[in-house]
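Student: For the protein sequence lines, the chains are A and B, in the order given. Here the numbering used here is used: the first residue of the first sequence is 6, the next is one more, and so on. Here the numbering used here is used: the first residue of the second sequence is 412, the next is one more, and so on.
Simulated from the structure, these hints should not be mistaken for laboratory data. A couple of the hints might just be wrong.
Said to hold, decoys possible - Pairs of lysine to aspartate or glutamate residues, derived as DMTMM-like cross-links and limited to a Cα-Cα distance of at most 25 Å, are as follows:
1) B:Lys830 / A:Asp92
2) B:Lys577 / A:Glu73
3) B:Lys811 / B:Asp842
4) B:Lys577 / B:Glu556
5) B:Lys720 / A:Asp92
What the hints assert, rightly or not - Okay, the calculated beta carbon distance ranges per label pair:
6) A:Asp92 / B:Gly776: 53 to 61 Å
7) A:Glu90 / B:Asp882: 12 to 20 Å
8) A:Asp92 / B:Ala555: 15 to 23 Å
9) A:Glu90 / B:Asp531: 28 to 36 Å
10) A:Val70 / B:Asn759: 47 to 55 Å
11) A:Asp92 / B:Gly656: 44 to 52 Å
12) A:Pro91 / B:Glu751: 47 to 55 Å
13) B:Asp707 / A:Asp92: 20 to 28 Å
Beta carbons: idealized from backbone N, C-alpha and C, even for Gly.
Read off the chains here:
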Amino acid sequence: MLKKVLWIAAACAAVLVALAVSRSLDFDKPVEPAQEPAPAVEAPPPAPEPKVEVAPPPPPAPVQVTPEEQQIEDDAAATGMTTIEPDPPAEAPPT
Amino acid sequence: MGAYGLRGGRIGRCLALASLAPLALGEFALAQPQSPPVLAIPPAAAPAPAPVEIPALTPEQAQVALKALRDADLHGLQPKAYAPEGLAEAAALTTAQQAALTEGLIRYAHDVRVGRMEPDKFPSLWQVRPAAYDPRPELAKALAEGRLQAWLDSLPPRYSGYAALKRGLVRYREIAAEGGWNTIAEGPKMELGASDPRVAALRARLAVEDPQVAATGGAVFDKPLQEAVIRAQRRYGLKPDGVVGNNTLAYLNQPVGQRILQIIANMERWRWMPATMPATRVQVNAGAAIVTLFRDEKPVLSMKAVSGKPGDETPMLVSSIHSVVINPPWNVPSGIAQRELWPKERANPGYLARNGYRIIPVEGGQPRLQQASGDQSALGRFKFDFDNPFAVYLHDTPSKGGFDLYARQASHGCVRVEKPRALAEALLNGDTTWTTEAIDKQLEGDKTVRARLSTQVSVYILYWTAFGGADGQMHFRSDPYNWDRELLQRVGVLASGTKV
Numbered sequence: 006m007l008k009k010v011l012w013i014a015a016a017c018a019a020v021l022v023a024l025a026v027s028r029s030l031d032f033d034k035p036v037e038p039a040q041e042p043a044p045a046v047e048a049p050p051p052a053p054e055p056k057v058e059v060a061p062p063p064p065p066a067p068v069q070v071t072p073e074e075q076q077i078e079d080d081a082a083a084t085g086m087t088t089i090e091p092d093p094p095a096e097a098p099p100t
Numbered sequence: 412m413g414a415y416g417l418r419g420g421r422i423g424r425c426l427a428l429a430s431l432a433p434l435a436l437g438e439f440a441l442a443q444p445q446s447p448p449v450l451a452i453p454p455a456a457a458p459a460p461a462p463v464e465i466p467a468l469t470p471e472q473a474q475v476a477l478k479a480l481r482d483a484d485l486h487g488l489q490p491k492a493y494a495p496e497g498l499a500e501a502a503a504l505t506t507a508q509q510a511a512l513t514e515g516l517i518r519y520a521h522d523v524r525v526g527r528m529e530p531d532k533f534p535s536l537w538q539v540r541p542a543a544y545d546p547r548p549e550l551a552k553a554l555a556e557g558r559l560q561a562w563l564d565s566l567p568p569r570y571s572g573y574a575a576l577k578r579g580l581v582r583y584r585e586i587a588a589e590g591g592w593n594t595i596a597e598g599p600k601m602e603l604g605a606s607d608p609r610v611a612a613l614r615a616r617l618a619v620e621d622p623q624v625a626a627t628g629g630a631v632f633d634k635p636l637q638e639a640v641i642r643a644q645r646r647y648g649l650k651p652d653g654v655v656g657n658n659t660l661a662y663l664n665q666p667v668g669q670r671i672l673q674i675i676a677n678m679e680r681w682r683w684m685p686a687t688m689p690a691t692r693v694q695v696n697a698g699a700a701i702v703t704l705f706r707d708e709k710p711v712l713s714m715k716a717v718s719g720k721p722g723d724e725t726p727m728l729v730s731s732i733h734s735v736v737i738n739p740p741w742n743v744p745s746g747i748a749q750r751e752l753w754p755k756e757r758a759n760p761g762y763l764a765r766n767g768y769r770i771i772p773v774e775g776g777q778p779r780l781q782q783a784s785g786d787q788s789a790l791g792r793f794k795f796d797f798d799n800p801f802a803v804y805l806h807d808t809p810s811k812g813g814f815d816l817y818a819r820q821a822s823h824g825c826v827r828v829e830k831p832r833a834l835a836e837a838l839l840n841g842d843t844t845w846t847t848e849a850i851d852k853q854l855e856g857d858k859t860v861r862a863r864l865s866t867q868v869s870v871y872i873l874y875w876t877a878f879g880g881a882d883g884q885m886h887f888r889s890d891p892y893n894w895d896r897e898l899l900q901r902v903g904v905l906a907s908g909t910k911v
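Could you put together the complete structure from these sequences and hints?
Tutor: Shown next, in the form of structure tokens:
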């Protein structure tokens with residue numbers, strides 16, 4: 006009988022301890038909203054880079070023509086330049 | 412027979428006698444259908460033109476017409492041949508003036524489109540000829556549709572070669588208007604380092620045509636002057652050695668009027684050309700002895716040539732190369748045999764045998780000669796066959812030294828080419844039978860084979876003595892056949908006997 010009473014008392018004590026612990030943990034406290042990230046400190050605009058004189062892009066290198074290719078061009082002219090000239094510009098007013 | 416008649420000595424100068432040639436049509440010979448050759452046929456007499464109702468010119472059209480006719484000299488034509496006299500641009504035209512202006516337009520359109528040569532005035536060797544052209548229907552349409560200016564602009568040849576001559580004509584007329592150039596006295600050769608009182612005159616002469624040359628300078632023949640001489644020699648087709656001897660002087664001393672006439676003669680020839688040409692073709696300038704192969708409109712191969720000598724001129728013609736003969740024998744034309752080979756045999760018995768000729772009896776006639784194929788064959792290792800009434804062709808030669816000359820008119824009318832192997836490979840390109848190795852193998856022996864082209868390649872044998880060069884300058888040749896003078900006389904620009 007005594008054993009039973011002791012078990013009940015121990016159980017009650019355990020419940021009381023648990024209650025005390027839960028209270029100390031503030032389980033019923035509302036959850037705080039997540040903290041907004043701190044606004045980033047706006048960095049000052051980067052200092053303008055010192056202006057470097059940029060050379061204009063080099064003109065396209067002239068097409069290298071070998072002496073043999075040049076000779077063929079010269080000979081082609083000598084045998085008659087038979088490429089067709091582009092159309093003349095369209096006339097403005099009708100005639 | 413006249414100078415340009417089809418006399419025996421001119422026909423068959425390099426006679427192929429293809430039907431008689433014992434060509435071994437062996438394993439490589441391809442029996443392929445031949446498309447008809449592109450051969451300029453002398454146009455038949457133009458049929459009488461159908462009557463065409465040509466509308467009266469509006470005042471605006473009359474102004475356009477008058478301007479075109481008065482500017483005919485830009486095309487080397489004579490304005491007075493077309494523009495009626497006494498017409499004021501702003502004035503209203505009488506019926507008679509309208510008719511005269513219309514007739515002038517018709518004549519101008521004809522001449523600027525197809526040239527001034529009457530069809531029956533073409534010498535037989537000039538087989539590049541224009542088709543008959545009657546401008547009346549086109550003129551009537553252009554007037555009715557209000558597009559006279561566009562039609563006039565469409566008439567001249569559209570080739571860049573013609574446009575270059577047109578620019579050259581303006582330039583050389585300006586030079587003439589400014590007094591032309593002074594002749595330089597003959598004398599010792601002028602070359603780098605020489606001090607000669609004629610150097611100043613040389614400098615001034617070169618400066619007229621060459622914008623890179625300063626007209627004034629010292630009396631010493633310096634490096635820039637030497638470079639200018641080399642450029643001039645290239646423009647005249649001379650050996651570009653930078654040394655001014657009497658030959659170079661002779662070219663420099665041609666008067667500017669001569670150059671203008673040369674340009675006009677060559678512009679006339681451009682009008683005989685077809686409106687378009689096949690993208691792949693072989694072009695020959697017999698006057699400059701140059702051959703160029705164009706593929707897809709681009710020049711891909713060129714070489715020196717040796718064309719016919721005066722008296723055995725290479726004809727102007729259009730045809731199609733249909734086959735390449737490897738290891739061709741030479742069937743000697745009877746004229747060449749009689750004039751050149753039999754006399755050698757008589758003077759040196761055994762000459763014919765030593766040079767590979769065999770005598771082929773001909774029943775009831777003179778025996779003919781055939782030179783065997785091989786290294787000593789006058790046709791070399793390659794012959795490029797195309798149909799033509801003169802039996803001329805392109806071929807190889809064992810006499811390579813002829814290509815080192817700068818005046819290369821030395822053949823009997825055929826065209827000897829400097830790089831026959833390259834030309835053969837280019838023409839046979841894509842033929843799985845005639846690979847480089849197969850050609851090599853064939854050349855190991857002397858067996859004759861005919862390789863037919865799967866696609867015939869047009870060949871144009873032309874004659875240019877003035878042309879715009881790749882350097883933008885006018886280039887001139889010496890008119891080795893005197894065909895410029897002949898042409899200008901036939902179209903009435905020169906009186907007969909005038910020296911060009």
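Student: So, for every hint listed, does it hold in this structure?
Tutor: These are the hints, each one checked on the structure:
This hinted pair does not check out: Lys830 (chain B) and Asp92 (chain A) have alpha carbons roughly 37 Å apart, beyond 25 Å. At roughly 28 Å between alpha-carbon atoms, Lys577 (chain B) and Glu73 (chain A) are farther apart than 25 Å, so this suggested pair is violated. A distance of roughly 28 Å separates the Cα atoms of Lys811 (chain B) and Asp842 (chain B); the hinted pair therefore is violated under the 25 Å criterion. Distance check on the hinted pair: Lys577 (chain B) and Glu556 (chain B) sit about 29 Å apart at the alpha-carbon level, beyond 25 Å; violated.
At roughly 40 Å between alpha-carbon atoms, Lys720 (chain B) and Asp92 (chain A) are farther apart than 25 Å, so this suggested pair is violated. Roughly 58 Å separates the CB atoms of Asp92 (chain A) and Gly776 (chain B), a value that falls within the hinted 53 to 61 Å. In this structure the supplied range 12 to 20 Å holds for Glu90 (chain A) paired with Asp882 (chain B), their Cβ-Cβ distance being about 19 Å. About 22 Å separates the C-beta atoms of Asp92 (chain A) and Ala555 (chain B), a value consistent with the hinted range of 15 to 23 Å.
Distance hint check for Glu90 (chain A) and Asp531 (chain B): the Cβ-Cβ separation is about 31 Å, which falls inside the suggested range of 28 to 36 Å. Remark: the range hint 47 to 55 Å for Val70 (chain A) to Asn759 (chain B) is upheld by a beta-carbon distance near 50 Å. Distance hint for Asp92 (chain A) and Gly656 (chain B): a CB-CB separation of about 47 Å, consistent with the stated range 44 to 52 Å. For the pair Pro91 (chain A) and Glu751 (chain B), the beta carbons lie near 51 Å from each other, so the given range of 47 to 55 Å is met.
With their beta carbons about 21 Å apart, Asp707 (chain B) and Asp92 (chain A) fall inside the hinted range of 20 to 28 Å.
Checked against the numbered hints listed earlier, the structure breaks hints 1, 2, 3, 4 and 5; every other hint is satisfied.
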